[in-house]
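Colleague: These protein sequences, in sequence, are chains A and B. Quick note, this note's numbering runs 3 ahead of the 1-based positions in the first sequence. Quick note, this note's numbering runs 23 ahead of the 1-based positions in the second sequence.
By construction, these hints were calculated from the structure, which means they are not laboratory data.
List of simulated lysine-lysine pairs, BS3-like, C-alpha gap at most 30 Å:
id	chain 1	residue 1	chain 2	residue 2
1	A	Lys-169	B	Lys-40
2	A	Lys-178	B	Lys-130
3	B	Lys-92	A	Lys-184
4	A	Lys-167	A	Lys-260
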Amino acid sequence: MYSHEHLTFLKKLKRQSRHVKVTQLLILLLFLVIWQLAANFGLINTFISSSPKNVLETIYGLMKSGELWYHIWVTTYETIISFSLGTFLGFFIATILWWWPFLAKVLDPYLTILNSLPKVALGPIIIIWAGAGKGSIILMALFISVIITIINVYQSFIEADPHKIKLLQSWKANKWQIYTKLIMPGSLQTMVNALKINVSMSLIGIIMGEFLVSKEGIGYLIMYGSQVFNLDLVMSGVIILGVVATVMYYVVNFIEKRCIKNKI
Amino acid sequence: MKPILRVNHLKKIYHTKQGETPAIEEVSFSLNPGEFIAIVGPSGCGKSTILSILCNLLEKSGGTIETDKDTSFGYMLQQDCLFPWRTILDNCLLGLEITNQNTEKNKQHVLQLLKTYGLEEFIHSYPANLSGGMRQRVALIRTLTTKPDILLLDEPFSALDYQSRLAVSDDVYRIIKREKKSAIMVTHDLAEAISMADRIIVLTERPCQIKNIHSIHFEHRSTPIENRKCKEFSKYYDQIWKEIDFHV
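With the hints as extra help, turn the sequences into a complete structure.
Modeller: So this is what it looks like as structure tokens:
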């Protein structure tokens, strides 16, 4: 049982968090209402800025025709493929770099250059090499996510506590034992963080790829809309993308909570 | 009594880009079975380097180390180095896993140790839920699990606050004596050294040599905390204090 003061305190906390939520919602509503009103009274040109009503109608139309689910599905599965590949390859290469410090030193400047290079610049090359199809899109996203994964994961590998390594070495542990007992489990938090970054990185890559080559997917929807000057479609695409990205983020968040509860 | 460890003319030079840094000039001593030796000296004089060489973490630049063929070392550091994602029991089993001795019999031994030293109820807890003193006790038990002949303690209490330090040094001393281990402890705390050790080796500044070796005799030797109250304690303290080149 809690004391009266504590209950008041808890109530206050609850009220505060409710206030935050309500305000957040109000901002969104206010924005939508102003947008719609401005459109209704002709303050803005709906041809170039669309309106909430038009967007809703467009999304409803896409939903009814089944196109919506198809495009979401295409973008999602491309993201999942490049995300999984990027994560796996990133960890693998980070492990190799950790294992052979010589290689890490040699590759360091190349990784830095690749990391700073805006990957979209590689788009045309990738398209020429891999063809104007899904391969290019996935490759593009892979490029973006794999480099950042290598850098983050490798960083966490080499930041392992030197005292703990010393302890393991005092039992004459070999490199594999140090890797499996300390380096890997010790980087769990970084790995999950890398997954989080990777989801959004992959999605950026996929959308970029779809802009450049695709005939399907949310990126295509947005690009197509802009080409035929259908701003309702462009806005709908952006909103759908926002929802998809948020859902992906929460899925990874959920996995994080499941994996490392209580352990760090 | 035949010593279980003999260190002869140990020498160590560190090589860095800036040049050669001699850390140990010349150190020779021996350790008898069941004996507790403390090594004191000014900070940075190369005390810890001696322990690192003894348990093969560093190569020596000269001298010899004589032990029986199957003498094993257990190393305990200033940090408890418990792995936060492992339970207390799993942390204690780590050394056995690394040395491929994780048998049911050895596991029972570990459980027995944890039980004997009052940690039984925490075996499934994670290190984050234990106090600094308790964690250091776990670290000692983890060191004991591989049944080393000689314990190497590298400033094992210096990360703890004063109160826990006294309590844990008392515990650790009792555990070491009860398990009949020989030990070499490096510390910068002279009072700690006198209260625990049978002999104290005083080192000079870097590159270190042995300045003096003191045998510590209490008329009624008991636990470290009790030893601090003996009249001989302050005598030794005054005597050795003058020998250490502390620079503040």
